[in-house]
Amino acid sequence: MKRCTIVGLILLLGGSAAALMWKGRPSAPPLPVIDSAGVDPVVWRALAAARAEVERAPQSARAWGRLGMVLLAHQFRSEAVVCLARAEQLDPQDARWPYYQALAVQRADPDSAIAYLRRAVAAGPENQGPRLLLAELLLQGGHLDEAETLYRAVLSREPDDSRAHLGLAQVAFERDDLAVCLEHLQQAKTDPHTRKAAHVFLAEVYQRRGDRAAAEKVLREGQELPDDAPWPDPLYDAVRALAVGHLEVITRAAALLQEDHAEQAVPLLQRAAEDYPESSWACLLLGRAWLRLGDFAAAQKALREAVRRDPHSVEGHFYLGVVLSEQKDFAAAMPYFRKTVQLKSDHALAWYNLGFCCKQQGDRAGALEAFHKAIDCKPQFAEAKINLGELLIEEGRLDAAEEQLRQGLQLAPQDPRARRLLEIVQKRRPISSPRKQE
Amino acid sequence: MPGFPRRLLLLLALLGCGGCHKPTPTPLAGEPATPAWFREITVESGVDFVHDAGPTGTFFMPQIVGSGAAVFDMDGDGLLDLYFLTNGGPQSRSTNRLFRQLSSGRFQDVSQGSGLDIAGHNMGVAIGDVDNDGRSDVLVTQYGGLRLFHNNGGGRFTDITVSAGLHSPLWGTSAAFCDWDRDGWLDLVVVNYVDYDPSRPCSNGKGQRDYCGPGIFDGSVTKLFHNCGRAADGTVRFEDITARSGLAQKPGPGLGVVCADFDGDGWPDIFVANDGKPNRLWLNQNNGTFTEEAVLRGLAYNNMGQAQAGMGVTLGDVDGDGLFDVFVTHLTDETHTLWRQGPRGIFRDSTRAAGLAQTATRGTGFGTFLGDFDCDGRLDLAVVNGRVYLGEPRNEAVLGPYWSRFAEPNRLWAGEGPGRFRDRSAADAAFAGDGAVSRGLVCADLDNDGGLDLIVTAVAGPARLYRNVVPRRGHWLSVRAWEPQLHRDAYGAVVAVQAGGKKWLRWLNPGQSYLCSNDPRVHFGLGEVERIESIEVVWPDGSREQFDGCPVDTFLTLSKGQGCRLAGPAKEAR
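So the protein sequences, as listed, match chains A and B. Number 345 in my numbering belongs to position 256 of the first sequence; there are no gaps in the numbering. Number 178 in my numbering belongs to position 146 of the second sequence; there are no gaps in the numbering.
Calculated directly from the structure, the hints in this document are not laboratory data. Computed from a prediction, not measured in an experiment: that's the story for all the values here. Heads up, the beta-carbon is just placed ideally off N, CA and C, and yes, glycines get one too. Mixed in with the good hints there might be a few duds.
[Claimed, not checked] Partial chain B-side listing against chain A, Cβ under 8 Å, derived:
1. S126
2. G176
3. D229
4. N236
5. G237
6. R241
7. V253
8. G374
9. I378
10. T586
11. L588
12. T589
13. K592
[As the list claims (entries may be wrong)] Derived list of chain B stretches under chain A, where covered just means 3 residues or more per stretch with a C-beta under 8 Å from a C-beta of chain A:
14. 262-276
15. 331-337
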């Protein structure tokens with residue numbers, strides 16, 4: 090009897106404690122209300138699916154976190170923070186949740202982002218992404234010592250981490266310690282993720298030290314480099330991977346085209362052209378992808394569809410002209426270039442292509458006018474200047490030709506054609522010409 | 033307070049009460065803790081200009097860039113007049129409007145028949161006397177064009193764009209006149225934005241239609257037109273030297289511009305604020321060409337090595353070291369940036385140290401001006417804001433459901449000492465309160481009372497005038513630097529005032545802020561100084577002259593050749 094009483098009491102106390110603990114748990118926030126006005130239906134479906142998961146498992150950190158990630162991927166930042174905060178409440182050990190909250194607010198509210206990042210670093214010390222971002226925000230806020238400590242912590246694990254070296258260079262620059270700044274920049278100037286930024290920074294530091302020659306040299310080198318590659322961040326990549334919708338497809342396809350992977354872009358764009366029957370842009374990119382792959386018939390078909398969907402599509406008309414030009418059908422291409430400049434009178438490339446077609450058709454006056462227009466729209470258009478220069482030579486207008494060719498050469502110093510044409514001008518010019526005497 | 037003896041209440045008040053908080057003066061509800069610096073006077077001024085941005089919902093990008101305004105004395109009566117630009121398109125019935133200031137201080141609409149009442153996608157305006165006839169001419173930039181208007185006098189203007197040889201099909205934004213070759217004729221710099229394709233739809237990550245950002249289009253070049261001077265028939269002619277001068281080599285999405293001597297060699301250079309790309313600093317090589325040195329001089333990026341969304345730009349010596357500093361406005365998600373100069377020709381991002389990096393004071397800034405609004409001898413700072421992408425609605429009752437999603441409040445900072453500022457927006461509800469889609473900011477002493485007034489333009493909203501009502505303003509001096517041989521203001525002159533052991537410098541060129549042209553006079557706040565000891569002017573040709581001191585609180589016209597010429601040009605090694 091006595092034992093039963095004791096067991097009963099223990100059970101009662103345990104039950105009460107459990108009830109109290111349950112009651113003490115933070116209550117679940119209501120799911121954020123999302124305004125559906127104008128939202129891409131594909132995005133909306135992705136949100137609805139993630140939301141349904143939370144409704145099914147309201148105590149699941151993973152479900153709340155995923156909804157937060159889907160929201161973040163589609164720029165619902167304040168709504169994302171609500172869900173990610175709930176995920177963090179449910180699983181404080183997962184560094185992703187405070188990190189994603191930091192990503193959601195870092196531009197608009199860096200002070201709050203710093204607080205989130207401190208928690209992310211504490212929860213997942215193995216993740217360098219949150220630590221580096223925290224260091225950068227602290228540096229931006231003028232907390233140099235703390236930023237330096239974080240960068241050094243990164244370097245203690247990864248001595249060659251160029252982002253940390255770039256950050257330490259900035260810390261040193263803020264302290265006017267240009268020697269240390271240079272040391273770190275030397276470490277960052279070869280990594281494809283930081284090399285361009287490091288070159289530009291080096292140029293500024295050399296100039297500040299009075300070494301003009303070194304500054305100019307490193308700046309020239311930097312200008313030759315491609316843009317720095319984005320810093321790898323597996324945590325953020327997981328969010329990016331959840332992005333769907335028209336903008337996402339178009340952006341991804343355009344990037345594939347840029348990287349010369351047209352064959353990968355085609356299926357994406359075919360699907361997008363079906364999913365978004367009003368999207369002229371999907372058809373336009375599809376046409377460009379087929380053009381890149383050399384399938385002119387498919388390109389024309391896609392581009393005609395682009396123009397059908399949007400009769401004012403500037404690029405749709407322009408690329409139809411390009412497809413026909415590529416097939417040497419200059420006469421057929423010209424109306425499309427004309428239509429392009431009718432829709433957008435400052436379309437330099439369309440004027441240039443029109444000039445080229447005119448030239449091919451033997452219409453020298455038309456070509457001259459079109460090349461002039463191309464330069465008018467784009468004064469930095471070296472190729473147009475060189476073509477115009479060539480035509481002017483044929484016209485016997487040597488002074489005007491020389492002016493265009495010199496400017497073309499100034500813009501494209503390595504262009505062999507411009508040099509050759511300039512030599513022709515100089516050979517044809519009478520020896521007594523004043524310009525020659527100079 | 034029924035039932036509570038009034039006498040007892042008084043007694044308690046006199047005794048105070050132990051343990052209570054020390055009484056602090058608290059403003060009454062609605063009364064600002066510190067007096068406002070500006071009072072809106074739009075209605076009483078007679079200015080009833082409302083900007084036309086064209087139809088909503090088209091997301092036509094030039095719409096969100098807005099339009100500017102100018103102050104200038106169009107008729108030589110000593111009073112500043114106003115010119116406002118509109119953006120309804122060439123077929124719109126709304127036109128730019130010209131307001132003449134009357135002796136009463138009110139403004140009268142004199143647009144009709146002036147020649148300046150044009151429709152179009154009008155963006156920026158620059159003021160300068162292009163033919164040195166003593167009257168200020170007007171240059172308007174447009175989406176797809178340029179227009180130059182000759183001032184015939186009597187409030188009449190003639191479009192001389194074609195005869196002057198000016199032509200550009202690009203999307204022009206800010207523009208400025210400066211005599212870069214020091215030949216006495218004002219040359220023209222026109223900043224161009226991007227190669228915009230109106231048929232390209234843009235959306236945000238949610239899939240909602242929105243205005244395009246500049247990043248998806250190629251940037252344009254800044255155009256430079258050389259003023260060849262007045263021909264025998266009296267016409268003025270410009271030559272497009274963009275390519276020859278080197279400016280064609282580095283295009284960018286340009287929005288703001290200012291011309292000044294950035295490297296201390298005495299020749300005007302050109303700074304262009306780019307939107308989302310590195311800024312450009314075109315240094316004058318004194319031989320008809322320019323080299324770009326923004327990176328080397330520290331002006332291309334902020335202190336984190338980031339290219340920001342540069343919009344408006346203003347110059348001023350914020351720390352009193354005799355060198356001008358540069359302030360550029362940016363997006364809400366960024367900080368605006370103050371680059372302090374020092375040593376000469378080298379700039380460093382000093383935004384944080386200046387107290388200008390607080391998150392709470394952010395906004396998508398456009399027009400901006402560094403001026404001494406309270407005349408305490410320290411430069412203050414004004415910024416007007418308005419989003420470029422959809423956001424949460426603000427001031428919806430006034431702006432409606434569409435434009436309220438782009439509205440933001442303006443900001444005002446008080447200069448606090450060498451290079452530091454304090455946000456005082458809360459005290460200036462008239463200027464910085466409700467929020468609008470503001471774009472242009474013009475600074476001028478409209479009523480000639482020695483205090484700098486402000487004029488703000490907004491997308492699809494009324495232009496607003498704010499009178500400077502700072503109580504107990506300090507002493508001041510307003511200087512017009514005049515070149516009698518050229519019959520015009522000495523654009524590019526540097527005016528230095530020496531008084532009370534201090535020295536203040538101003539750089540004369542009305543072309544700064546964003547899409548706007550400001551008061552052509554330079555204004556000095558002098559604090560408690562009661563007499564000017566001397567004034568030195570470095571004229572645009574590099575010569576220096578010293579002028580005698582004078583009493584404070586006065587307008588002064590300093591004519592070249594009437595002062596005491598100083599030896600040696602104000603030229604320093606590059």
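Restraint check, 8 Å cut-off on beta carbons, for B:L588 near chain A | violated (39 Å)
Identify whether the interface hint at B:K592 stands, where standing means a beta carbon of chain A within less than 8 Å of its own.
-> This interface hint is violated because 35 Å lies over the 8 Å limit.
With chain A as the partner, please determine if B:V253 meets the hint condition of a C-beta pair closer than 8 Å.
-> The hint holds - B:V253 has a Cβ within 8 Å of chain A, the shortest such distance being about 5 Å.
Would the stated hint for B:N236 survive a check requiring a Cβ distance to chain A of less than 8 Å?
-> Hint holds; B:N236 Cβ to chain A Cβ min 6 Å, cut 8 Å.
Do the numbers back the hint for B:G176, that is, is its least Cβ distance to chain A under 8 Å?
-> With Cβ-Cβ at 7 Å, under 8 Å, it holds.
Answer holds if the nearest beta-carbon of chain A is closer than 8 Å to that of B:G237; otherwise answer violated.
-> At 3 Å from the nearest chain A Cβ, B:G237 passes the 8 Å test, so the hint holds.
Is the interface hint for B:R241 satisfied, with its Cβ closer than 8 Å to some Cβ of chain A?
-> holds (6 Å)
Measuring from the C-beta of B:G374 to each C-beta in chain A, is the shortest one below 8 Å?
-> Not OK, violated: B:G374 not within 8 Å of chain A, min 11 Å.
Against chain A, with CB atoms and a cut of 8 Å, does the hint on B:T589 hold up?
-> violated (40 Å)
Coverage of the region 331-337 of chain B by chain A (three or more Cβ within 8 Å) = Coverage by chain A holds for the region 331-337 of chain B (5 residues, Cβ < 8 Å).
Minimum beta-carbon distance criterion (8 Å), B:I378 to chain A = holds (6 Å)
When the least beta-carbon distance from B:D229 to chain A is tested against 8 Å, hint result | holds (5 Å)
The structure does not agree with the numbered hints 1, 8, 10, 11, 12, 13 stated previously, though it agrees with the rest.
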